[in-house]
Structure formats: structure tokens, C-alpha cells
Amino acid sequence: MTKRWMLLLATAAFLCGCESMKVQPWQKGNLAKPEMAFDSDVLETRFADHTYFSKEGASGGAGVGGGGCGCN
Amino acid sequence: MRLQLGMKDPNVNGSQRGAVLAAALALPGLLPGIAQAQVTAPNATLVQFKFLYYKDYQESGDRMTVKSPALYLLTPITDDWVFEIGAVYDSMSGASPYYHTTLSGASGKGIEDARTAADITVTKYFANRTSVAVRAAYSIEDDYRSTAGGLTIRHATPDQNTTFTIGGGYSGDEIFPTVGVPTTYYKRTYDAIIGVSQVLSPNDTAQVNFYYAHQSGYLTDPYKAYWGIDNRPTSRDQKALLVRWNHFFESADATLRTSYRYYNDDWDVTANTVTIDWAQTLPDGWVLTPGLRYTTQSAASFYYDPVYDPVLGAPYPPGYLQNPNAFYTADQRLSAFGGITAGLKISKALPQGWLIDGKAEYMEQRADWRLGGEGSPGLETFKAQMYQVGVTRKF
Chain V
1 MTKRWMLLLA
11 TAAFLCGCES
21 MKVQPWQKGN
31 LAKPEMAFDS
41 DVLETRFADH
51 TYFSKEGASG
61 GAGVGGGGCG
71 CN
Chain D
1 MRLQLGMKDP
11 NVNGSQRGAV
21 LAAALALPGL
31 LPGIAQAQVT
41 APNATLVQFK
51 FLYYKDYQES
61 GDRMTVKSPA
71 LYLLTPITDD
81 WVFEIGAVYD
91 SMSGASPYYH
101 TTLSGASGKG
111 IEDARTAADI
121 TVTKYFANRT
131 SVAVRAAYSI
141 EDDYRSTAGG
151 LTIRHATPDQ
161 NTTFTIGGGY
171 SGDEIFPTVG
181 VPTTYYKRTY
191 DAIIGVSQVL
201 SPNDTAQVNF
211 YYAHQSGYLT
221 DPYKAYWGID
231 NRPTSRDQKA
241 LLVRWNHFFE
251 SADATLRTSY
261 RYYNDDWDVT
271 ANTVTIDWAQ
281 TLPDGWVLTP
291 GLRYTTQSAA
301 SFYYDPVYDP
311 VLGAPYPPGY
321 LQNPNAFYTA
331 DQRLSAFGGI
341 TAGLKISKAL
351 PQGWLIDGKA
361 EYMEQRADWR
371 LGGEGSPGLE
381 TFKAQMYQVG
391 VTRKF
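The listed protein sequences derive, respectively, from chains V and D. Residue 20 in the working numbering sits at position 20 of the first sequence; the count goes up by one each step and never skips. Residue 81 in the working numbering sits at position 81 of the second sequence; the count goes up by one each step and never skips.
Hints are computed from structural coordinates only; laboratory data are not their basis. Some hints here could point you the wrong way.
Stated by the list, open to error - Sample of chain D residues with no beta-carbon within 10 Å of chain V, all distances over it, derived:
| hint | residue |
| --- | --- |
| 1 | T45 |
| 2 | S68 |
| 3 | S91 |
| 4 | D113 |
| 5 | A117 |
| 6 | Y138 |
| 7 | S146 |
| 8 | L151 |
| 9 | D159 |
| 10 | K187 |
| 11 | P233 |
| 12 | S251 |
| 13 | A271 |
| 14 | Q297 |
| 15 | F327 |
| 16 | Q365 |
To be verified - Calculated lysine-lysine pairs in the DSS-like style (CA-CA distance at most 30 Å, straight line):
| hint | chain 1 | residue 1 | chain 2 | residue 2 |
| --- | --- | --- | --- | --- |
| 17 | D | K345 | V | K55 |
| 18 | V | K55 | D | K67 |
| 19 | V | K55 | D | K124 |
| 20 | D | K348 | D | K55 |
Idealized CB from N, CA, C, for every residue including glycine.
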């Protein structure tokens, strides 16, 4: 368990400590491509979330206040 | 034009030039969207319609079929207020397991239900790269009603390379089963998220989210309790860590999207899920995206295998009479298994901001696909097919 949390902290520190690799605004053309978005297709993401929420024991991670369902 | 002026002016230093260039790039039509990890109000309206056809089945018979038309609209009302609305109608029919993989359809009773859901999100963007989004959601079924809401705050650093997200939500659900004595049960969910998105390079962006949810109230499946044996604890604490990483390959003109989620709850369900998508840009506005998803989960502590009491028989777990009020479930979703989904999406951008797409996916869950332990024995393999088509317009 301790190992796991240390790994999490290391990941978080890595993601926050990127001062040295500052990407300038004019270098963001590729980052602005729709394919590079984390949720580029809203309804596709919703279908997927709803399906896995209904068919697996695990859920959550991307947002809050989603609401429930009586999924069979 | 502005771009050239900036470049030629000897009095403009590097960072100002960058700002001018960024401003020029941000003009509508030059950049297709907003770079990841930024907090900037969208300046275009997006309307999307999709239709999903879903069917699942097992060796011994078909289970549920779902048809879902869905609509989504995002529109800036002013420069700094954005309005989103979503709606979906699910019509479901078929058979659901009473216990383990024994289907309700086997006794001639099918399920018919419909779910109508809608949600509204209003987001205010502030000048200091902060946005505040308020969301309300409502859904209604024949036997279920959910009223949910959430607040999400995002803040980006001045270079727009790092975005912090914090959010909290609530869902109040009512369950009124159509079997047994008419009763309404209640269930509450509080959830919270904290996350950071980081631009790592001109071709890399990553995100880490911590998610926590606390559920309380009636968490049992009333139908599985009525037709089989199902009695679950009245609270559940869920934790998830989601890590996503996207990389753009310039040489291939393709995007690799990856995600990993670690999930754990106090019902002893631990799940590890990875997804990988390859979005390949092709000539003439086509994008082809094959994708894979793998998940592996342990069983809830109170899940029992399909080995029944020698006296009572199915669906009773061994020793049920000695301990009838203990927690039990025979829900396949809370068993130990591994699941794989393989999919292929194709989209084509058309003139004037139109986009059409289609996607086909196949999913299968098997006990012996579980990693890191034994899968739950004695269950039929679960299979599903999903097909969706969509049309989107941005203007």
C-alpha cells in the first residue's frame, strides 16, 4: 500500500514539475487537434461510461454528479 | 497578416511575438479547437446527435437489447458563459439474470423499460483562466428516478500548460421496484474529484484524477433480491485513480490515446482498467480509430459462487438458513472476471463544420481473463455488441 501511494505521489510530482519543458502557445497546434482531447466525443464517452457502469463492478474517475440508473 | 507584422517588427520581443502568434492562431477557423489543459471559453456552437444500438448475450440466450438516441448541445451564450445540454432516451428489452447467469427470460418473463435522462451544465469563464461549471441531471425510468448535480472548478496556470480540476457532486436516487410490495427505496451518492492536466511537450498531454464516491442507502438490486438472493451493505466507499496520456505522432499524423484506472472499494472490488486508442488521420477528412480496452476485477466480499445449499437448492448459498440476513449477491457484475472490448471508429469531416461517424465494438467478459487471481467459476461468458452512428456540427 505504501509503495502504491509513493508511486502516485511520484506521478503527481512528475506531472506538476514540468517547468523546464514549458510549451509555448505557438507550439500547441498539435495539442489543439480534436483527437488529442481526453474526451473528444461527448456522446461517445457517455455511451461508454453508461455501458461499463452498468456491466462492471468499478466506475468513476472522470467527473462528478453523473446520476444513477436502475441498469439491468 | 497580424502574424507577419509581429514577426517583422524589431521592437517585438520573443514572448510578445508568441502572444501575437497565439492570438492569430486562436482566430476561428485557424485552430480546430482549444489546446488541452487550457481553460478557455469555447467560441463555437456544437450540436451532436448519436444513436446507439447495444445487445448483450450469453451461450444460453440473449440478454438485454438497448436502443439509445442521444443529443448534445454546447453553445457560448456570451464570451464567458457557456451552456451545455444533453438528453438521452434508452429503450431496453430482454432478459436479465435472476441470479448468476440464470436468465429471467427462461421463465418467460421479459423486461421492458425505458429511461429518459437530461442534463444541463452552465459554465462561467473568468479572466484569470478559471472556470466554474454547475451541472444538474435528471433521469427517470419505470422503477428508478435520479436527481443529480455537481460543481466543477478548473484553473489553468498563466502559461496554460497546467490545469487543476476540483469538483463535487451529489445524486439522490429513488428505486420503486415493479415486483413485491410497492415500496420506495432511497440511495445517495456524494462524489468528489481532484485532478491535474499537464502539457508535457508540443505532442504530449497527460492527466491524473483522484476520484472518491460515498454511496449510502439501498444498494441492493431489488429484482435480484426478489427472484434470487441479493442483500448488500447500505454503504459503499469507492476510490479511483485515473491516468490518461495522449501522444501525437507527427510522422504518422496519428494520435495515441491511453488511459489507466485503478479502482478500489470497501466491498473488496479492486479493478484495473486500461484503454488504448489509435486515431489515424487519413486524407479527405477521414479518421480511423481502432481501440482496445481491458479490465480485470476481483469479486465483492459477499459474492457467492453458483454452488447452492444442498437442502434448499438454487439460488440459496450454502448455509443460508443459518445466516439469512448476511450480505449476499449473485450478481455477475460483482464477480471476479476479466473483460476485453475491441472497437473500430470511423469519422469523416465534411464542409461547413459537419462531421459524421460510426463505431462498432465487441465486448466479452470471462472469469479466466482475470489477471492477478482466480476468476469466479461457473458463470457463462458474457458478450455484447455495440454499434453507434453520429452526426456533429460545429459553427
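Each hint tested on the structure:
With a closest Cβ-Cβ approach of about 13 Å to chain V, T45(D) is found to remain outside the 10 Å limit, as its non-interface label requires. S68(D), annotated as away from the interface, has a beta carbon of chain V within 10 Å; the closest lies near 7 Å. Against chain V, the non-interface label of S91(D) holds: every CB pair exceeds 10 Å, the least being about 13 Å. In this structure D113(D) is not separated from chain V by more than 10 Å, as the shortest Cβ-Cβ distance comes to only about 7 Å.
Distance check on A117(D): its Cβ comes as close as 7 Å (rounded) to a Cβ of chain V, failing to clear the 10 Å threshold; non-interface status is violated. Listed as outside the interface, Y138(D) is inconsistent with that label: its C-beta sits roughly 7 Å from the nearest C-beta of chain V, within the 10 Å cut-off. At roughly 4 Å from the closest C-beta of chain V, the C-beta of S146(D) falls inside 10 Å, breaking its exclusion from the interface. Not every Cβ of chain V is farther than 10 Å from the Cβ of L151(D); the closest lies at roughly 8 Å, contradicting the non-interface assignment.
Separation of D159(D) from chain V is inadequate, the least Cβ-Cβ distance of about 6 Å not exceeding the 10 Å criterion. Interface exclusion of K187(D) from chain V breaks down, the closest Cβ pair being 7 Å apart, not more than 10 Å. Its beta-carbon lying about 14 Å from the closest one in chain V, P233(D) satisfies the requirement of being farther than 10 Å from that chain. Distance check on S251(D): its Cβ is at least 12 Å (rounded) from any Cβ of chain V, clearing the 10 Å threshold; non-interface status holds.
For A271(D), the requirement that its beta carbon stay farther than 10 Å from each beta carbon of chain V is not met, with the minimum near 4 Å. Its beta-carbon lying about 5 Å from the closest one in chain V, Q297(D) breaks the requirement of being farther than 10 Å from that chain. Taking the minimum C-beta to C-beta distance to chain V, about 15 Å, the non-interface status of F327(D) holds against the 10 Å cut. Remark: the non-interface label on Q365(D) conflicts with the geometry, its nearest Cβ contact in chain V lying 7 Å away (cut-off 10 Å).
Annotation: proposed proximity of K345(D) to K55(V) holds, straight-line Cα distance about 22 Å (limit 30 Å). At most 30 Å may separate the alpha-carbon atoms for a hinted pair to count; K55(V) and K67(D) meet this at roughly 16 Å. With a CA separation close to 35 Å, the supplied pair K55(V) and K124(D) exceeds the 30 Å bound. Among the hinted pairs, K348(D) with K55(D) is consistent with the structure: their alpha-carbon atoms are about 26 Å apart, no more than 30 Å.
The structure shown violates the earlier hints numbered 2, 4, 5, 6, 7, 8, 9, 10, 13, 14, 16, 19.
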